[in-house]
Amino acid sequence: MSDKATRTRSQLIRSAATVFAEHGYSRAKLSTIAMDAGVSRGALYFHFPSKDALADAVEAAAAEQFGRVTSGGRESGAQGLAWAVQMFAALYRRDVTFRAGVLLSCEKDRKPTVNVIQQWEEYVRDAVALAERRYPFARSVTAGHTANAVVAMTVGLAYLWQEGEQWLAESTVTGVWNLLPPSVGRME
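Numbering (my numbering), first residue to last: 1 to 188.
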């Protein structure tokens, strides 16, 4: 692919992410995405044969960013998970492609080829299971319930962020995190 084609494709993905994040998948219009990217509809169709293919590309880009958040030599288990939750929130706040990928994963109108929420859930389950092996939870708290709480917390706060940026403020994320069982770890 030529440099120009690569730039056009990247711009289309970024423009699509902006439109998907603002309007949702079903209300997003390809004409709006092409116009926002500064390309013709023909150029859009050259790179992406359908809205679904474009959404898949946005989710793939978000999944790539997700991989950078959840890998990278950070401590594993509770401390790594606490760090990853803050990074998830920070990336969601600042990067429209990641935000759109998360929102597209929640869309009921389509079956994503890459599901960022599903990847997040798998990462959280593994991190919580590791934390539980190192420091067993109280009998009334299971690793599965804790993982569900972490996923619900992060995805819920991300969704609420659309109503007001305070929902993903570092202090809000820390405060909600600290409601989890002490064995999961504390954020300062």
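Any given hint could be a false lead.
Pairs of lysine to aspartate or glutamate, EDC-like flavour, derived with a Cα cap of 16 Å [said to hold, decoys possible]:
| no. | residue 1 | residue 2 |
| --- | --- | --- |
| 1 | K29 | E64 |
| 2 | K111 | D56 |
| 3 | K108 | D36 |
| 4 | K108 | D56 |
| 5 | K51 | D3 |
| 6 | K111 | D36 |
| 7 | K51 | E121 |
| 8 | K51 | D36 |
| 9 | K29 | D109 |
Keep in mind that the hints were calculated from the coordinates and are not lab data. Please read all numbers here as calculations on a predicted model, not as lab measurements.
For each hint, the structure was consulted:
{"no.": "1", "hint": "K29 <-> E64", "result": "25 Å, violated"}
{"no.": "2", "hint": "K111 <-> D56", "result": "9 Å, holds"}
{"no.": "3", "hint": "K108 <-> D36", "result": "25 Å, violated"}
{"no.": "4", "hint": "K108 <-> D56", "result": "14 Å, holds"}
{"no.": "5", "hint": "K51 <-> D3", "result": "23 Å, violated"}
{"no.": "6", "hint": "K111 <-> D36", "result": "25 Å, violated"}
{"no.": "7", "hint": "K51 <-> E121", "result": "26 Å, violated"}
{"no.": "8", "hint": "K51 <-> D36", "result": "15 Å, holds"}
{"no.": "9", "hint": "K29 <-> D109", "result": "15 Å, holds"}
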